[in-house]
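Sequence order for the protein chains is G and H. The opening position of the first sequence corresponds to residue 1 in my numbering, with each subsequent residue numbered one higher. The opening position of the second sequence corresponds to residue 187 in my numbering, with each subsequent residue numbered one higher.
Be a bit skeptical, because a hint or two may be false.
[Claimed, not checked] Straight-line alpha carbon distances no greater than 25 Å define the calculated DSS-like cross-link-like pairs of lysine-lysine that follow: (1) H/K820 x H/K783; (2) H/K1062 x G/K122; (3) H/K460 x G/K122; (4) G/K122 x H/K1063; (5) H/K845 x H/K792; (6) G/K122 x H/K938; (7) H/K569 x H/K542.
Hints were generated in silico from the structure; no laboratory data involved.
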Amino acid sequence: MTNVLSHEKGGHATSSCMSRRNFLILGGASVTVLGLLGATGTALANAPELVMSSYARKVVGKVSALKAGEAVEFSYPTDDIQNILVKLGEEAGGGVGEERDIVAFNTVCPHMGGIMDAGTFKASHSVLGPCPLHLSTFDLTKHGMVVSGHSTESLPQIVLAIEGDDIVATGVMGLFYGYSRNPSGA
Amino acid sequence: MTTLPLPNVDYVPLPPPDADVLTTACAYCIVACGYKIYRWPVGTEGGAKADENAFGIDFPTGGALTPWVSPSQHNIAMHEGRPHHVVVVPDYATEVVNPQGNHSIRGGTLAQKIYNPDTPTRQRLQYPMVRIGGVLTPVSWDLVTDVMAEVSKHVLENHGEHAWGMKTYSYEYFENTYAISKLVNRAIGTPVYAPHDKPQAAEDAAGLDDAGVNSFSASFEDWGACEVAFMSGVDPYETKTVLFTHWLMTGDNPNKKLIFVTPHKTMGVEYGLKNGGLWLPIVPGTDTVLHLALAKIIIDNGWQDQEFIDKWVNTKWEIESGYGRGTRNTRWQWRTTWGRWQSDWEDFQKFIAKEKAAELDEAAAITGLDRDLILATAEAIAKPRADGSRPKTSFMLEKGNYWSNNYMNTASLAAVGLLCGAGNRPGRVISRGGGHQRGGMGAGGGKGFLSPEKYPGRRKKALNVDRWVIDGNVRFMWLMGSTWFPAMLASQELADRVADLTVRNEHHPRSVDKEHLIQTYKDRVESGGMVLVDSDIYPVEPLNTRFADIVLPAACWGEVDFTRCNAERRLRLYSKFNDAPGEAKPDWWAIGQFAQKMGFDGFDWKESNDIFEEAARFSRGGVLNYYALAVHAKREGKKAHEKLRELGTTGIQTPIRVKDGELVGTKRLHDPDNDWGEVEDVTTDQKWLYAFGTHTGKANLLKTPWANDGWIDFYEAIKPRKDKGEVWITNGRVNETWQSGFDDLRKPYLAKRWPWPFIVIHPDDAAPQGIESGDLVEGFNDTVYVQTGEPIGVKEKDLTFTKLMEGGHIKTTTGQFVAVAIVSDEMRPGIAKAAFNYPGSMANSVCHAVPDPVSGNYRYKLGRGVLRKVGESAYKKNFLEMSLKPRPIA
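For reference, chain G alone in the conformation it holds in the complex (with noise of 0.2 Å):
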């Protein structure tokens, strides 16, 4: 190899990249639904969940508890993973509730890891941003996708159910800035 330039020894065998199969398979419209595509969000409402999940599950807050339009920050899954919970006021992809408006988000920029929070989302457009480093903004309705800026992955999604008034956070999807796996809390 001629055209290195570092090759220093070390190393150790270890799984494959796919191996560890804590990802979720979702599937239609239930409490947790994610990925629902098409226009009025309604259907599939008999669809079976696929959920397989190691995450850990918490109660982030309660319904009755949410205003339109304010964020509440939690952690999730560990107590130094810091989120927000917001009911956004319009149907959000992932979204849970009665409006399917009830998201959540892990607020660290996966850019390179400015710190947002419950006071950097702007309500007037359901985006969360933007971020104090370089301006990256998320948008809140689309499971976390870069509206503009340099982030290469959306921010990661925390999954919600509601059990009766609780929200309960079940999984992550999306790696956390700084990770390079997931904690699963549990």
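Starting from the known structure of chain G, fit chain H onto it as the hints suggest.
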């Protein structure tokens, strides 16, 4: 209704400590951030502990600005025929270009560009192909280059070099562009050549060149150090991200005032406004008037930098000096000394005093800008402080400036910059922001003098290749890495004409038999048709999917060792780290095979380093001069590529000189501090290193009368017509896309962000048509002007729009495209902005293919048309693709 499982990656492999590490720079924008590639065989992985991974840090990293691998930065690639993990991440340790590992979303997803048949990159072209009965059919390189050579010989013998043309990228690495130049200019010797972004081989920002200011004279440090940045027709946040997010937002002076001249309030503009800056939402095409008004305010108030002007601006006599009785018909000569543009400080003051468009009220009316905003801008860029010190103002220009009124906008901006004392000092520069990287390397011996085009007075002009093709003069055409039609103007008309000459011609091969192919293509040529070859890495609609007779697969970034520079002329090696797919070869190799079969000498290169070393001596006359590096490498017994590899992501800024035996880069051009006295070793001395790029070393102050007949009649003709309900339909890019989307649409995350081109429309323009965000909208112009024929102007007014029209040289056609609406008040009312050159819709179809008669450049940004709702897009109500939110949110 269906559901999709969303990919939910919550894990990414880390490189082990013994992973191979190579350096490269980003494949995309002019900034060219430094990147590192970590490569290791599939089967092992690094661990989360510091001593278990190649970064030497613990994961999770526990803070911002730390090395991290996002899932988009990992892929599996083939290296020496075996699968390897590859991680492509910004260089977190670099101190140049992108400190702290800053990066854009484009570069941040480079790993997704890597060929991997499990991803959409499976669409890579892998074999040479010939169109048989409409179907692209794989053949061998040997056969296809035999055929190309035989047909080319026939064309050259029977129709001459003016019937053989090429249109290629100007930027895709020195090794390829040198090979192109050697073929076009020296071996074939044809003037029928144009780079990807222009119809003619001439200056980009001609007025800037004529002023004596090199388009890339600045260093990124200058943008970081300035106190005021005047940005004309550009928001660098959108198009050269890290130049904005590092150098303009921070740099040596984080408190700079940002002034944007653009009708689109993008994110960078919003940030500027929040931080004491200004936004001038100008009416397209009128920048010259703004510049004239600024000049008048500055002069009337005595805010000009008189000391600088006295020292650095040519007087009337200096402009004329040294010409003798020569013909003065080189482009810059006739533009700066003959006729309407020539000026000097004394003359310029008289001109400004009499120029109607420079008067504030008149300027406000033409530009659509508030007069107080123009005044505030003049004050910010030029007004001396109470202590007599001047603001350090730098001037950036890009396509919104020089692609709307090419010569006048660039010449007038240069004049304002010079009045403010900018152009050759730290933090006080005049430069392009840049688009593509600087990968063009000439081989000398250009045949531009064979161009039939002449400005009245027998003055030289470069040949307009589009028009030459439309007029049926080209019989063999080789495209390389360009979409051609959507990148040029009146796109549908141009594509239609190329279809006439190729697929609609009656002569098409029925088998891949070599003699049959050659004879069929000769018959095509003799029937007035054109044989079209296209080299690319992907299918390009419609160029190679529908029209090209022969399609050649190219090897690209990461598959071959390549070199080029960025906006601050920083030269780096772009390392090969994985295998090219199938039979894909670098374009220099394809040119070499073809040229050898044509019987041309000097094309038998074995590897790309051979070309890099050969081209070094041809670089000496230019700003990308790396000759000293090549010579020093040879003395050290190394390949020049290997010498450059040692410099990693830092590289070295060209021109490279020698001082005290060491290679030294050049930070800023034209700076008097570059004058080191004695010229050492193999340094090439150039006056423009420490003075302006004119014959005297002083800058030319050029005047630009607004109502001159090379412009104003065209402008009046192409304005939106209120009675038809038209708006301006300009075009541009956004941060999350790169050029024609050739990679973006194969990168899963970016394809999801922008699956289809946008058009941003102000609510006032959308409401009457019932257009909402997410709707499909057609932009339609029922009067698109296309110049045909008339390459030679004889009498003074021959090439004016009015005269061309009278003479029957303006064809009138129509143009349309369909894009997804984003309705937002971020646009100035009356102006819609469509995605430029994005697959699926050719927004340039509504723009006029009538070039600036002075410089030959098109007015790309000046489209118009009506907006019509077509229906709802798939993205209006789904949650998976294409965010429709506004960009400026702060």
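Hints versus structure:
no., hint, in the structure
1, H/K820 x H/K783, "violated (31 Å)"
2, H/K1062 x G/K122, "holds (21 Å)"
3, H/K460 x G/K122, "holds (16 Å)"
4, G/K122 x H/K1063, "holds (20 Å)"
5, H/K845 x H/K792, "violated (33 Å)"
6, G/K122 x H/K938, "holds (22 Å)"
7, H/K569 x H/K542, "holds (23 Å)"
In terms of the numbered hints stated before, the structure departs from hints 1, 5, listed from lowest to highest.
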